[in-house]
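**Student:** Here's the letter readout for the chains.
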Amino acid sequence: MSAVLNSPQPTLETPAAPIEHTPFTRPVILCVAFINGFVIMSIELLGGRVLAPYFGSSVYVWGSIISVFMLSLSLGYLWGGRLSLRRPGPKVFASFFVIAAALCLPIIFLADGVMTAIFVAVEDPRYGSLLTALLLYFLPICVMGMVSPYSVRLLVSSQAHSGGVAGMLYFFSTLGSALGTLATSFYFVLWFNINTVMWGCVVALLLCASAVMWTCRRPAQTMPDSGNTVTMPEAGK
Amino acid sequence: MNWQVKKTVLLLASVVIALLVFATTIPQTHAQREIIHEERSQYRDVVVTEFNNQRCMLFNVHRGDMNQTCVDLRDPKRLVFNYTKMSFAGLLLNPDPRRILVAGLGGGTIPMAMRDLFPAATIDVLEVDQAVLNVAQEFFDFREDDAMQAHVVDARVFIKRAGLRGEQYDYIVLDAFSDEYIPEHLLSKEFLEEVRAILTPDGVVVANTFSSSRLYDYESVTYQAVFGEFYNFKLPGSGNRLILATKSELPSPGDLRAPARELYDALEPYGVNLLEYPPRLTTRPDWDTSTRVLTDQYSPANLLN
Numbered sequence: 211m212s213a214v215l216n217s218p219q220p221t222l223e224t225p226a227a228p229i230e231h232t233p234f235t236r237p238v239i240l241c242v243a244f245i246n247g248f249v250i251m252s253i254e255l256l257g258g259r260v261l262a263p264y265f266g267s268s269v270y271v272w273g274s275i276i277s278v279f280m281l282s283l284s285l286g287y288l289w290g291g292r293l294s295l296r297r298p299g300p301k302v303f304a305s306f307f308v309i310a311a312a313l314c315l316p317i318i319f320l321a322d323g324v325m326t327a328i329f330v331a332v333e334d335p336r337y338g339s340l341l342t343a344l345l346l347y348f349l350p351i352c353v354m355g356m357v358s359p360y361s362v363r364l365l366v367s368s369q370a371h372s373g374g375v376a377g378m379l380y381f382f383s384t385l386g387s388a389l390g391t392l393a394t395s396f397y398f399v400l401w402f403n404i405n406t407v408m409w410g411c412v413v414a415l416l417l418c419a420s421a422v423m424w425t426c427r428r429p430a431q432t433m434p435d436s437g438n439t440v441t442m443p444e445a446g447k
Numbered sequence: 004m005n006w007q008v009k010k011t012v013l014l015l016a017s018v019v020i021a022l023l024v025f026a027t028t029i030p031q032t033h034a035q036r037e038i039i040h041e042e043r044s045q046y047r048d049v050v051v052t053e054f055n056n057q058r059c060m061l062f063n064v065h066r067g068d069m070n071q072t073c074v075d076l077r078d079p080k081r082l083v084f085n086y087t088k089m090s091f092a093g094l095l096l097n098p099d100p101r102r103i104l105v106a107g108l109g110g111g112t113i114p115m116a117m118r119d120l121f122p123a124a125t126i127d128v129l130e131v132d133q134a135v136l137n138v139a140q141e142f143f144d145f146r147e148d149d150a151m152q153a154h155v156v157d158a159r160v161f162i163k164r165a166g167l168r169g170e171q172y173d174y175i176v177l178d179a180f181s182d183e184y185i186p187e188h189l190l191s192k193e194f195l196e197e198v199r200a201i202l203t204p205d206g207v208v209v210a211n212t213f214s215s216s217r218l219y220d221y222e223s224v225t226y227q228a229v230f231g232e233f234y235n236f237k238l239p240g241s242g243n244r245l246i247l248a249t250k251s252e253l254p255s256p257g258d259l260r261a262p263a264r265e266l267y268d269a270l271e272p273y274g275v276n277l278l279e280y281p282p283r284l285t286t287r288p289d290w291d292t293s294t295r296v297l298t299d300q301y302s303p304a305n306l307l308n
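The listed protein sequences correspond, in order, to chains A and B. To convert, take the position in the first sequence, counting from 1, and add 210; that gives my numbering. To convert, take the position in the second sequence, counting from 1, and add 3; that gives my numbering.
Chain B extracted, bound-state conformation (with noise of 0.2 Å):
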């Protein structure tokens, strides 16, 4: 009896000293960036880096490089990813917007572009993460003012409430989600319902989605089955895939090559060559129209992706 306690308790010992060992041995994948601050959080550590004078913004580093937001230190109003870049396409549909909701912050670089941008323009900014926030402002010079706002809140229930309240955007970009967990909760049917109802009759919403998994086809329905046809916009040698929708009927393509030679002076100095994005924007189906809209009763996001 005895010998069979003692037995167990090596047992343990053993396994968890294995354990410690293997833990200290994982190879530490962002050895050669040089991290200058982490910033302790309710969900995941935010992780600063630099490198090669980029600053950057990451959630996840045991798992290789996953950068949420970065700055070229040496032309900061320059973006980096071609991403953001793209979210600018939504100006083709709506040149002037005067009330922007941003879901998502980041580093904040596209609220802050738009405030450059557009001086006379409120912004409301959406981040479920305050250590985000803290990071955005201390590292990457984000700026609260008197028509720039950022909440703490969850999206959906921001967005819920200015439903009840009667509020509307004419411009609304959806960028909430990183690649190791998506909200589930903000791809359903139901939460486009929410986001097309604060949306102002000549209002555009740009969404980054995912376009190299299955989830591809699941979101494209989705807001075919909310917003009916909508642009979908791709550039070749970038992973993202943008979805620009409209609560009234889609501006032909020729339409937008005005506002493209109108504002691209403005958006030159970001890198964003307006110009080029027009043609790339079809709103031909690639996807398989035959799959399962996600609802709030079926949103498996993260087993799909």
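Extracted from the complex, chain A is given alone in its bound form (with noise of 0.2 Å):
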């Protein structure tokens, strides 16, 4: 947390819109948080039935994907805000979304190799399902976890409205997540092959990040702190 705190302050070079607010921009970025929140709880939901051909679905397991899944989350909060510091804009805002896609696809293609080989190595069901929930989720979910105090920089123009803007994002993701839990356990699991489902929540991130490239802009650096955009110094402590 400190960390946060004590970085290097944004300097006046950093506008304080980071991009160019057009009537797309602010759905298209809480459309894409929304999908981020639905994609998390989707994957942490079929993690339960990755994992179970190998460590079985005893309580352990499930503690093992939450525990694994939170502080995926909780670091990825932390270095997206720490990214969302020096020169936020759209375009690291869009990587996040292809390297989180990037990053599900060993989910796919190598859960079955790591899972035997961590069977065969550890006998205890509780820390081979801590150790596959790590190998296989703490890298993809950290950074969608980066996702969300990012956005809220994107959209921040100033310091009143930040509190409004950070309670809207996260509206839309964490709704974005009841609804991903639902979906999944109600009928993805239903219709679909699990790696079917996975599949869909790499597609559902990369249209994210072109959504945010095709939309969202830097503004002209011409004139920085010219008054029409920027009303107040951001993060004023």
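Any given hint might turn out to be false.
[As the list claims (entries may be wrong)] Derived coverage of chain A by chain B (criterion: at least 3 residues anywhere in the stretch with Cβ under 8 Å from a Cβ of chain B; other residues may be distant):
(1) 261 to 272
(2) 280 to 292
(3) 324 to 337
[As the list claims (entries may be wrong)] So these bits of chain B aren't anywhere near chain A, every CB distance computed over 12 Å:
(4) Gln7
(5) Val19
(6) Thr125
Keep in mind that the hints were calculated from the coordinates and are not lab data. Note that CB positions come from ideal geometry on N, CA and C, so glycine has one too.
Combine both chains into one complex, guided by the hints.
**Tutor:** As structure tokens, then:
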């Protein structure tokens, strides 16, 4: 926490609004936050099924998965917030989705190999499942966690509105998580193979990246702090 | 502003109170039974009740009578449930098991009967919940010894490891299911392949399955995919269907009468009438054979039940 608070404050070169606001930017960012939340919980729910053939579906398997997801998200929030301090812009934001999508691929292709190795090496299914969850899910979920604070930064253009913007983003991403949990557990597992749903998540993340690249632009850099967009200095502590 | 906060607090408080009132008025469905013990569990608390000289183990007392196991206190040897009795039909295919694996302990009635019947056999019992084992030992006289061991472990994990170690069993009972939640990783084709891998050439798998829901079709085609033709076993008046599957070819129905006659006397004290079983065994599919096979990738068993 203190690492973030002690980081260099944004300088005057960083405009208060890191993207040019058009009628599309706000809905697009809220929408990708929603999809991000949806995908996170969809992957978490499938995680139980991915691990069950090797470690069972005992309560500690869910304990491992939920702990790893929470840990990944917490560190993702921290690092995403940190990254947003330095020249925040749509390219970095879009790259989160591409990287997260790429990091989901090992869950599809390497899970069985990883779990076979761990199953042989670790006798205790509690630590076997914890280690598997860490190896498979830590990196992708961490990157997905970075989306939340970063999207707050992209949408906030004044300190006075920051709470409202953050609230709105939490609303959409957590609503996405709720629906992701529901849709996956009620319907997706009934309609599709696990890996088909995982591919759906990968495609959804890539669509998020392209939507961001399509609609969000950096503002023209000619007048860094002309009075139009800049209303107040950020993070005035 | 202040008024709004007050309003919100009032609203929340009334919702909480309403929920509490609702919770306390839910009728207690097991009022007529005497609860003699409640065991705290990592999963679902285990309750032991006594009624009408029957002692039962229950998992879910709030949704009505969901007995896992019952014993008749006047005649503890006599098995109470039909499906428990039916599981001994496996003896028609392998009358003298040496290494027995029972997945799902309950009150331990099946392994204890096997222990009595086959003193020379070694028995491994798998139970995922320590609380069930505690209750079975304390209230249902389940005793471990050198040849019979209970393992607190997920059946899939134990069976996968047994396969890696190259261990084999000649009598495998799969009974790790309750009505309310089905372990979906114990229904898939991959799991049954792991079970088949630890089966001796003359061994038999006895699986207690679901007969009344859509799962009937799914389970049937999945067993078919792994074991080929199997014996389907239902009794009139019982909601259960048992699957008897072997690695090698099934014996013909005529061959089952001799072991039934031989074992009849030994099983009679348990309430098992083995002689009426052979005519009830059939290989004729009475399920939709175009149903999708359950796999680790696709096993929505709880949604199909």
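**Student:** Hints first: check each against the structure and report whether it holds.
**Tutor:** Against the structure, the hints:
1. Remark: the stretch 261 to 272 of chain A is confirmed as covered by chain B, as 8 of its residues place a Cβ nearer than 8 Å to a Cβ of that chain, reaching the required three.
2. Chain B is given as covering the stretch 280 to 292 of chain A, and this is violated because 0 residues of the stretch bring a CB closer than 8 Å to a CB of that chain, at least three being needed.
3. With 3 residues having a Cβ less than 8 Å from any Cβ of chain B, the stretch 324 to 337 of chain A passes the three-residue criterion, so the hint holds.
4. The claim that Gln7(B) is not at the interface with chain A holds, since no C-beta of that chain comes within 12 Å of its own (minimum 16 Å).
5. No Cβ of chain A approaches the Cβ of Val19(B) within 12 Å, the least distance being about 21 Å, so the stated non-interface status holds.
6. Against the 12 Å criterion, Thr125(B) stays outside the reach of chain A, whose nearest CB is about 21 Å from its own CB.
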